[in-house]
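Visitor: Given the structure of chain B, go ahead and fit chain G onto it with the hints provided.
These protein sequence lines map, in sequence, to chains B and G. The opening position of the first sequence corresponds to residue -9 in the numbering used here, with each subsequent residue numbered one higher. The opening position of the second sequence corresponds to residue 7 in the numbering used here, with each subsequent residue numbered one higher.
To be clear, the hints were calculated from the coordinates, so they are not data collected in a lab. Bear in mind the structure is a predicted one, so any value in this text is a computation, not a measurement. Where hints are given, some of them may not hold.
From chain B, some residues computed to sit far from chain G (all C-beta separations above 10 Å) [what the hints assert, rightly or not]:
{"hint": "1", "residue": "Asp(-4)"}
{"hint": "2", "residue": "Asp47"}
{"hint": "3", "residue": "Arg64"}
{"hint": "4", "residue": "Glu79"}
{"hint": "5", "residue": "Gln90"}
{"hint": "6", "residue": "Val110"}
{"hint": "7", "residue": "Asp123"}
{"hint": "8", "residue": "Glu136"}
{"hint": "9", "residue": "Asn183"}
Here chain B is said to cover these stretches of chain G; the calculated rule only asks that three of the stretch's residues, wherever they fall, bring their Cβ under 8 Å from a Cβ of chain B [as the list claims (entries may be wrong)]:
{"hint": "10", "stretch": "63 to 77"}
{"hint": "11", "stretch": "115 to 127"}
{"hint": "12", "stretch": "153 to 163"}
{"hint": "13", "stretch": "189 to 202"}
{"hint": "14", "stretch": "248 to 254"}
Even for Gly, the Cβ is constructed at its ideal location relative to N, Cα and C.
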Amino acid sequence: MSRLKDENEIVAPGDLLTDEDDVRPSSGVYAEKGKIYSKFIGTVKYGDDYVRVQPMDGRYIPSEGDVVIGEVTRVSYSRWNVDLDSPYEGTLNISEASDQYVDLDEDDLTDFYDVGDAVVVKVESVSESMDVDLTMLDDRCRKLEEGRIINISPHKVPRVIGRQGTMVQQINEKTNCHVIVGQNGLVWINGENPSVAAEAVKKVEREAHTDGLTDRIAEWLDEQLEGGDQ
Amino acid sequence: MTSTDKEVEWFDEEGNRVDGRKADELRETTMEVGVLEEADGSAMVEIGNTRVIASVFGPQDLHPKHLQESDRAVIKMRYNMAPFSVDDRMSPGPNRRAKEIGLVARRALEPALELEKFPTAGIDISMEVVESDGGTRVTGITAASLALADAGIPMKGMVASCAAGVVDDTPVLDVNGKEDKEGNADIPIATINRSDDDTESREEDKVTLLQMDGDLTTDQVEDCVQLAKDGCRQLYEQQKRTIREKYNATDGGDQ
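For reference, chain B alone in the conformation it holds in the complex (with noise of 0.2 Å):
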């Protein structure tokens, strides 16, 4: 006896997963006298020799490399803060924003971002404090015009990208707009049909722990695409 649960069951804290001791206990679980249980609602994935927890919801934690989206809150002498909805405030330093020379006392870094400002930005590193050091120098960071910025949950951030992305292509085809989705959970729209788009995404995140998901989503953007034209 390994497996305690169906694969992709919706398990609540305190669930036993496994009690079998070469077992691994990956991410979203915890192991106590060679038991393993979760930790959180969420659904079991079984491994060759893991089990992990996929969390239903919860806040994003920073992690480092991730790519997210933030919203630039204070502008100091040689810094920007950005808020990346999250407990945790992010700091980019001028040197992680630009490869030029930059005078801090003759030029105006509200010049590169202002309070208020969208920017894509890849998180530096985490110290153990929870300090976050972000950087833009990364060729998937910018910052974004335009658009508008939609909230998932951000542990269903691996669905609604997919397979090697296979999801958010399939939205930015279908609806012609182009679509980035932040590990944070936030999710800039910009493009022909964002209406679309948006509801889509958050189709995907309502519906993320059921199967068939890439093909239902197709054939619903079909329909809504359809009715839209007539």
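Guide: Using the frame of chain B, we list chain G on its own:
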């Protein structure tokens, strides 16, 4: 209005209590998760005529800064009774009783939470008593535990809570308002529950709240604790059902 003035018939000929329950029976209980749109997590629990809505905000930035802990999240717990929750209007605002219940409820929940995952952050939990008929603190804890799980806070298990008391020298489970006020005594208990239910590990059920209001003999205390533990287990099973129902409802989508 005490039982000495006029003898209350606590049990009828068949041994049923004032509201028709058996001695070891809970009141009719309904639970719902995710009742509030804006909160990170929320739940409503109704046990008989007692109804509590719990909400969770966070983990989030905590102010003032001196309250922050560098190695864990800090919980702010609020217990509040609505002015209309009792038969005679209650003046609103925090009082000594509400503060005490907020404190014991926090201590009942904290051992189940992995607060060290969120250093310097704060978690706001609120238990709003909408209707009160005995057992508001235990109902609040049961609801708050559901709300915490709904908010995605990592937990070692679900906290369930219920009270047992003694009326007419007989231990009874889940005392209602009348039994609470006019009975001999009652003991509210909270436990951390996990799903492996063989008796061996049941003995490790962690009790995180145990209070006593009134006078009881040693045997009665033991009986009450056992009764309340069994009650907590029943509530825990219902918590799990409630969680599963919420997500299974959207299973397969609307197609």
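Visitor: Does the no-contact call for Asn183(B) survive, Cβ to all of chain G over 10 Å?
Guide: holds (20 Å)
Visitor: Has the stretch 153 to 163 of chain G got at least three residues whose CB is nearer than 8 Å to a CB belonging to chain B?
Guide: n = 9 at 8 Å, threshold three: holds.
Visitor: May I ask you to check that Val110(B) keeps its beta-carbon over 10 Å from the closest beta-carbon of chain G?
Guide: Given a closest Cβ separation of 22 Å, the condition holds.
Visitor: Does Asp47(B) really sit off the interface, with its C-beta more than 10 Å from all C-beta atoms of chain G?
Guide: violated (4 Å)
Visitor: State whether the coverage of the stretch 189 to 202 of chain G by chain B holds or is violated, taking the criterion as 3 or more residues with Cβ-Cβ distances under 8 Å.
Guide: With 5 residues closer than 8 Å to chain B, the stretch 189 to 202 of chain G meets the three-residue bar; holds.
Visitor: Is Glu136(B) truly not at the interface, in the sense that its beta carbon sits beyond 10 Å from all beta carbons of chain G?
Guide: holds (28 Å)
Visitor: Over 10 Å to the closest beta carbon of chain G is the bar; see if Asp123(B) clears it.
Guide: holds (16 Å)
Visitor: Taking 8 Å as the Cβ threshold, is the statement that the stretch 63 to 77 of chain G is covered by chain B upheld or broken by the three-residue rule?
Guide: holds (count 5)
Visitor: Was Gln90(B) rightly flagged as not at the interface, with every chain G Cβ beyond 10 Å?
Guide: Since the minimum Cβ distance to chain G is about 33 Å, Gln90(B) lies beyond 10 Å and the statement holds.
Visitor: Just want to verify: Glu79(B) was marked as not at the interface with chain G; is every Cβ pair farther apart than 10 Å?
Guide: About 7 Å separates Glu79(B) from the closest Cβ of chain G, which leaves it inside 10 Å; violated.
Visitor: Are at least 3 residues of the stretch 115 to 127 of chain G within less than 8 Å of chain B when you compare beta carbons?
Guide: The restraint on the stretch 115 to 127 of chain G holds, since 7 of its residues have a Cβ under 8 Å from chain B and three suffice.
Visitor: Take the stretch 248 to 254 of chain G, compare each residue's beta carbon with every beta carbon of chain B, and decide whether three or more fall closer than 8 Å.
Guide: holds (count 4)
The structure shown violates the earlier hints numbered 2 and 4.
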